[in-house]
Amino acid sequence: MAEEKKLEVKDLRISFTTANGKVQAVRDISFDLYKGETLAIVGESGSGKSVTSRAIMGILAGNAIKEGGKILYGDKDLMKTSEDEFHRIRGDKIAMVFQDPLSSLNPIMRVGQQLTEAMLLKNKTSRRESKVAMNRLFKALDENMTAAGVADAKTDLEKFKKFGIRHSKLESEYTAALDYAKQAQAEAESVIIHIENKAVDKLSQDITDFCQAAKKSVSHFVVRDRAAELEALLGDIKSKTAEAKKSKDYSAVLEDFKKAKSILDEAVSFDAPNTFTLGYYLTFDEDKIPDMPVAELNELTHDKTENEFMNPFMRRAEKGVRYSSEKTDAARREAISILKAELPVFEKAEPDRKECEAAAKKMKAAVIKCLDPLEVIKDSETHTFESSIDYAVDLYFGGFKKNAKEEKRFTKATEKHEKASRGGKTPDWEVIPASYINLEAAHQDMVDTVKDMIAHFEAQIEANKNADFAQRTLDIVDNLKEQEQNSVYRITKSVAREKAIKLMESVGIDEPRRRFRQYPFEFSGGMRQRIVIAIALTANPDILICDEPTTALDVTIQAQILELINNLKRERDLSVIFITHDLGVVANMADRIAVMYAGKIVEYGTAADIFYDPAHPYTWALLSSVPDLDTKEKLQSIPGTPPNMIYPPKGDAFADRNVNALVIDFEMQPPMFKISDTHYAATWLLHPDAPKIERPKIITERIERMQKKRGETK
Amino acid sequence: MERITDILISIPFIVVATLFQMHLADKVGSFVSLLFAFITTGWIGIASRVRTQFYRFKGQEYILAARTLGASDGRLIFRHILPNSLGTIITGTVLIIPGVIFSEANLSFLGIVNLETSGITSVGTLLSGGQSYLSKFPHMIFFPALFISLLEISFNLFGNGLRDAFNPSLRGADE
Amino acid sequence: MSEDNREVLLKVEHLSMYFGKGNFVKKAVNDVSFDIKKGEVFGLVGESGCGKTTTGRTIIRLYDATSGSVYFKGQRIVAGIGSYVSELKALRAERKTADPARQAKIDERVTELRAEIAKAKHDHKHAKKDLVTKIQMIYQDPISSLDPRMTVKEIIAEGLKIQGVRDKKLIEQKVFEMLETVGLVAEHATRYPHEFSGGQRQRIGIARAIIMNPEMIIADEPISALDVSIRAQVINLLNDLCKKMGLTILFIAHDLSVVKYFSDRIGVMYYGNMVELADSDELFRHPLHPYTRSLLSAIPLPDPETEKNRTRIRYNPLTDHEYTTEEPEFREVLPGHFVRCTEKEFEQYKKQVAES
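Heads up: the sequence lines are chains D, Z and P, in that order.
Each residue of the first sequence is one higher than the one before, counting from 1 in the working numbering.
Each residue of the second sequence is one higher than the one before, counting from 1001 in the working numbering.
Each residue of the third sequence is one higher than the one before, counting from 2001 in the working numbering.
For reference, chain D alone in the conformation it holds in the complex:
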């Protein structure tokens, strides 16, 4: 599937230095996160799942050592990004929801303020950034189009900019009015229910809110024809509310509310206008919107825009894109030859530092030229080559020095230990084992970085031969539209406040207006967690990492929060990494699952793969220790505890607790065996020579039951 990968983790290795030695928390894991998908990482405490998520966010503890691997996000390698750059990524592109809501909120700031603060700040920076990105893209387009021989590229782009801004304004007006209409609709519904059930205590505030929202929903495309009627009703409601408050009899108002609600219901179900084409129409044709039904209007403006502007523009832009791509291809070919020429310097058995550094400099200069300014999907490999090669060279040559120091320390410590134990009593401190940098692996790393780059460029040149430039141009235009919208979309304090209140409602906090001004200590744990999720979502991130967010909450609230995350994922096209140890939650949320144990991924596949066809004994053990509604027999618990990661076991880490362990499990670590294109497991049981072991009965029965149910419903 040619899905876009949002995040690629390759061969990640992280350890921690502690007083007792080096704890190898994450040993060589790789996974991909695709756009719009949820990846669930399942494992016990101590399996390394939290460490992985923190490495992605760049918030590892001070005593963490990044041993190796890459985390590719867009055009950055998150393992090597500096703290300054991380500020722009964290919260904005990648947001995180933590497990403990108590410590995730600022206790002396009101909750509403924490929500809106994030929104206002991010809005400012995102407007600035969008403007910068948009201008950069325009400039690149201009250069390349002119270079490709297109005449008057500038005027085309100026036209685009002009009506683009108009379009964004229209769009924001329309969405605002629609939001207000929807809000008024919801408020009306709840007021009607409250009146009918005689729960009238807090109604007056709700009614005022409704009136405000309904008024703001009057616009050209929402509530237009019946606007006068709505205004009359609102006036009526206002006057009747005052007396109803005193007499506590709201029945007169009820009728008005029902009528108003019907108007709003109608308004909300109207067709949406195509503001892009409408913007063009208004900027270059007429200056007022013609009076016709929305569907017809859309058609008219669409035709006009397409024929008069978009089609010729696309053709000309395509020429520019093609030119830029060819230029980059030429640069790539040159880079390949330089890389190939410099490779022997690294492949030597005893590379020389000065030579390597000079070679690296030449290679970096060549690679930098291979960045296509008109690319929408960033090529992370090319962007991160510079830091990768620098890091690899430093690691190798620094390793000589470090290993000598480590050797000295270790011999001294062992001598001291021996002297002390010769005196009779063995001292109760142990010698911390020496941690050497593997020089061979570092050397290989250097060579591999260059080789990978060569392969990558060759693949790109191949792919470019059959590239669909029309599609690429379309992508660029879409991107431009998006940037424009972001640069014009301004959030004022009151808008932010309304958004925050709506967000609080959607995460399930009742009476959000009252709670907006409260402090975090006035909320219960479940409520606090919902606020944390709301804050994480205010900035519209690309990736959301949830580190066991619902572990402390109970079932109904957990179900609500999971529903919320799923809805938001669909609406905003988020990619979610969900860390948990509850398999029921995983079944609900995940598209792909990675099961982790002792720092390694032991099984990786889609949800159907893992639940209907589990292959690793650890997955079997996890599945059989969870009772579902039909379990009657004794639960199979996993005996023992996870291993001590300071001295990780030589073979398969799970062998100790595995009833089905083979002898080879204690000797060698199993590689990832491929079961299908999407399903991988690291267990010797999948080796063609391994004995056939049946899954535990409890699992096979459950799978049968589930399949029967599926057969029935289908």
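FYI, nobody ran anything at the bench for these hints, they're computed from the structure.
Every clue listed holds true.
Straight line, CA to CA, 27 angstroms or less: simulated DSS-like cross-link-like pairs of lysine-lysine: (1) Lys2125(P) with Lys1058(Z); (2) Lys2037(P) with Lys632(D); (3) Lys2308(P) with Lys697(D); (4) Lys632(D) with Lys2244(P).
Heads up, incomplete: computed chain D residues facing chain P, CB under 8 angstroms, no partners named: (5) Glu44; (6) Ala587; (7) Leu635; (8) Ile638.
Stretches of chain D that chain P covers, calculated by requiring three or more beta carbons in the stretch to come under 8 angstroms of a beta carbon on chain P: (9) 520-527; (10) 553-559; (11) 616-625.
No experiment lies behind these values; they were computed from the predicted model shown.
Where a beta carbon is used, it is the ideal one built from N, C-alpha and C, also for glycine.
Here the structure of chain D is known, so what remains is to put chains Z and P in place on it, guided by the hints.
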């Protein structure tokens, strides 16, 4: 009890010391009256700190658990709350000592309390005496000042060390 | 439907626990009644804030009940005077405007009530200590329920020491016995709680409870704070102990699949009221109250297909019930299956059950 301590803590110490001096010094000697002043005011700070500690631990679940097992209030206080709060209490107590030393030096420097009459040399008196010779014989100020600084610093370090020693990581108080 | 002739061990009658006074009263538990028979596991479920923990703590006398009573083995151990006091107030107000015959009756009733109040106060204050210690509690948070400055041995032996046992050897022997029963080793006795994992700490808590030889254990969400893979261990342990020692367990939780696996009968609470009470299988077969149905639809199952197509039923107390004309009461729809409903809903539910 809290209100009483709140009221008492607002009485400035110098006023108390001066009053005690004025009325008791001729009867029992200035040293003993100073002692009385310190004793009557010194317990207030510790009292509120102990109270905070007890409130902090009273709501913990293991106290409830002990109550279900049938523990009496006395047992709860002495076997559960006190050992947990001992660390903070002792550290607080030890850190009062530098405060007392400093107040005494202050009072003798200002001349409110004259311990010479009881036959005790005080750093404060030395300092005030040496003040007038500051330009000619600076060492008269230097050595008492050095002495009192070292005394303060060593008690502070001791208090800090105690605080670290009672730290959770050693006996696992809170994680 | 099994006819249980087992003796009723714990009887909770119209228990209410209110916090605060006047307009700001919070009705944590509001008129809850149920029985627990000897040897059964009774599950109490509901969302956080619904009053299940408060119920458990009131039964074990950590809070003073506002009104209602709790009988353990026939003896009253918790008595609240709230209902009597409010009746007294109402009667006194009525007395002012009543005729002499009625006044005489009111005076009679007043003296009756006064006697009840005195008896309740006496019962509550002088509940027999050795009877009360037969009910023990296991707490939710394994970290904060163990005193961090006591060794494991001291923690477990505390109960014995409070009872007055002084013989060190006997204490040691009992402690080692308990450690073995819960699956730990004797050498763990000299360590401190922070050196153990969550599951092991919970076992220490269980050991502390069972060393008192209780007849009933109230388990307040003992597994919510543990990893899923360790929950199975603790559940198996509780199951074994229940069978070996003939314990009765009041299991408070919010994870319904575990509750169904483990309990014989289940009571569902919502904002202080008990809304449904039935055998576990029966409850899952015929969930009647809308809240129960919404709760059941929220349980995550380890089956991706059903999960993706599952829609959660929402429960809105304002729309799902008509409580304006009639106050709901706890009625028996089927033998052993109680639901809190009005007369109209009662008929509805009966029809529902007959059809399914």
